[in-house]
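Protein chains in written order, with numbering that gives the first Met the number 0: chain U, 0 to 234; chain S, 0 to 234.
One should not assume that every hint holds.
To be verified - Straight-line distance between alpha carbons at most 20 Å, and here's what the computed EDC-like set of lysine to aspartate or glutamate pairs gives: (1) Lys165/S / Glu60/S; (2) Lys165/U / Asp142/S; (3) Lys145/S / Glu48/U; (4) Lys201/U / Glu48/U; (5) Lys201/S / Asp68/S; (6) Lys145/U / Asp68/S; (7) Lys26/S / Asp142/S; (8) Lys145/U / Asp142/S; (9) Lys165/S / Asp142/U; (10) Lys145/S / Glu172/U; (11) Lys156/U / Asp202/U; (12) Lys219/U / Asp142/U; (13) Lys165/S / Glu28/S; (14) Lys165/S / Asp142/S; (15) Lys145/S / Glu184/S; (16) Lys145/S / Glu172/S; (17) Lys26/S / Glu160/S; (18) Lys26/S / Glu58/S; (19) Lys156/U / Asp142/S; (20) Lys156/S / Asp142/U.
As the list claims (entries may be wrong) - Footprint (simulated), chain S over chain U, 3 or more residues, beta carbon under 8 Å: (21) 104-113; (22) 164-178.
Derived from the structure by calculation, the hints contain no laboratory data.
Built from N, CA and C at the ideal position, the CB exists for glycine as well.
Spelled out, the chains give:
Number of protein chains: 2
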Amino acid sequence: MESGKNRSAVALLSGGMDSATAAAIAKHEGWMLHVLAVDYGQRARAELESARRIADALEVESFRTVGVDLRALGGSALTDDIDVPKGRSAQAIGEGIPVTYVPARNTVFLALALAAAETADARGIVLGVNALDYSGYPDCRPDFLKAFSRVAATGTKQGVEGNPVKILAPLIEMTKGDIVRRGLELGVPFEHTLSCYDPVEKDGAWLHCGRCDACSLRRKGFLEADAEDPAPRAS
Amino acid sequence: MESGKNRSAVALLSGGMDSATAAAIAKHEGWMLHVLAVDYGQRARAELESARRIADALEVESFRTVGVDLRALGGSALTDDIDVPKGRSAQAIGEGIPVTYVPARNTVFLALALAAAETADARGIVLGVNALDYSGYPDCRPDFLKAFSRVAATGTKQGVEGNPVKILAPLIEMTKGDIVRRGLELGVPFEHTLSCYDPVEKDGAWLHCGRCDACSLRRKGFLEADAEDPAPRAS
Numbered sequence: 000m001e002s003g004k005n006r007s008a009v010a011l012l013s014g015g016m017d018s019a020t021a022a023a024i025a026k027h028e029g030w031m032l033h034v035l036a037v038d039y040g041q042r043a044r045a046e047l048e049s050a051r052r053i054a055d056a057l058e059v060e061s062f063r064t065v066g067v068d069l070r071a072l073g074g075s076a077l078t079d080d081i082d083v084p085k086g087r088s089a090q091a092i093g094e095g096i097p098v099t100y101v102p103a104r105n106t107v108f109l110a111l112a113l114a115a116a117e118t119a120d121a122r123g124i125v126l127g128v129n130a131l132d133y134s135g136y137p138d139c140r141p142d143f144l145k146a147f148s149r150v151a152a153t154g155t156k157q158g159v160e161g162n163p164v165k166i167l168a169p170l171i172e173m174t175k176g177d178i179v180r181r182g183l184e185l186g187v188p189f190e191h192t193l194s195c196y197d198p199v200e201k202d203g204a205w206l207h208c209g210r211c212d213a214c215s216l217r218r219k220g221f222l223e224a225d226a227e228d229p230a231p232r233a234s
Numbered sequence: 000m001e002s003g004k005n006r007s008a009v010a011l012l013s014g015g016m017d018s019a020t021a022a023a024i025a026k027h028e029g030w031m032l033h034v035l036a037v038d039y040g041q042r043a044r045a046e047l048e049s050a051r052r053i054a055d056a057l058e059v060e061s062f063r064t065v066g067v068d069l070r071a072l073g074g075s076a077l078t079d080d081i082d083v084p085k086g087r088s089a090q091a092i093g094e095g096i097p098v099t100y101v102p103a104r105n106t107v108f109l110a111l112a113l114a115a116a117e118t119a120d121a122r123g124i125v126l127g128v129n130a131l132d133y134s135g136y137p138d139c140r141p142d143f144l145k146a147f148s149r150v151a152a153t154g155t156k157q158g159v160e161g162n163p164v165k166i167l168a169p170l171i172e173m174t175k176g177d178i179v180r181r182g183l184e185l186g187v188p189f190e191h192t193l194s195c196y197d198p199v200e201k202d203g204a205w206l207h208c209g210r211c212d213a214c215s216l217r218r219k220g221f222l223e224a225d226a227e228d229p230a231p232r233a234s
């Protein structure tokens, strides 16, 4: 971790449990967090509300949203009118690339975080990607993060001047159970996290559907951690 | 160059002369172009109109714009209310990183083009970066493009499946004079290109200011090519 005067990092918060736990870990390690939430035209706009609540609970330095219209590019069940798959086992989820994959999403998010980091002279970017109990998305793997680190080192003023932004992915080697355990230790407000691909609105609150891939992985995490999920669920 | 059935490429058009010439070269080499113009909240919104006219003249397969609010991230004379420098020599322009640099702009643009390419199963991304007579921006250099190619190879479905998108930067080793000469040979509609950082509106048309860094480099290109710039200029 950086020491000295510059310990600012841009933390990408999606509203889900992984990015919230990643941000909490980075904060625990001494980083001052500037949250960036990306409004990419997602079906689940509730995610942005969740990101805001999580940022408040983590007492971050700043919070901002940036809009990018990924719907204009199309191609995913998370931005378009494509059915989200339901009832798949956690094992089946890791096989192949699912329809919920948003093309190049993490590349776009990291690019925006890099722009924010460069503007604010922050030295880190925190994101909640995880390569173990993962969704089968190609942009959640260590090779990808390593490649993006080179982009940050070569394509920015800071990088050229010898202060490249570090890509911090503290969950990369953790299981979902590890993530829940560590999150609970650090006081992550899991009740405010929304990781569902297809949440249901009820009486003004958002409920997890309980049956999409993200809900299956979440359930697995809480089971492994022997803890109860405080977030409301429809089924 | 790719041969066989898939010769589609996403071409980033900024409205300027470099990206227009890069697209014309790629088309001449047999690529079918799908244009992506990024609306990043630039001061010079006229750039998008220029991109549209250039795309029409090049008879591309498709044209779309995608919005991303880089103003929300701030930090450049091209998106914020910072004065654009005027009257600098072409030699002085390459020294240091100027205030017109938009943080991580090419990273953001390439990320969006990658998302578009992945959605459309295109195999190339064309952009007009140039490392010789260049603006001093770090994200215009070969090292950066190489790093981004690794991002495309590791972070996308196509890349993982062995069909990574190629980053095509045909101008990378060309002087401004070379670019103008090649563009004229290929019929690039230079009269529709707008490369100025601070264009002036007059009688419904946009004029180049003639004094910003981009105008100085443009003038140098036409001088070297011994050709007359058909685009209107205020001074």
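Flag every earlier hint the structure violates by its number, smallest first. 3, 5, 6, 7, 10, 11, 12, 15, 17 and 22
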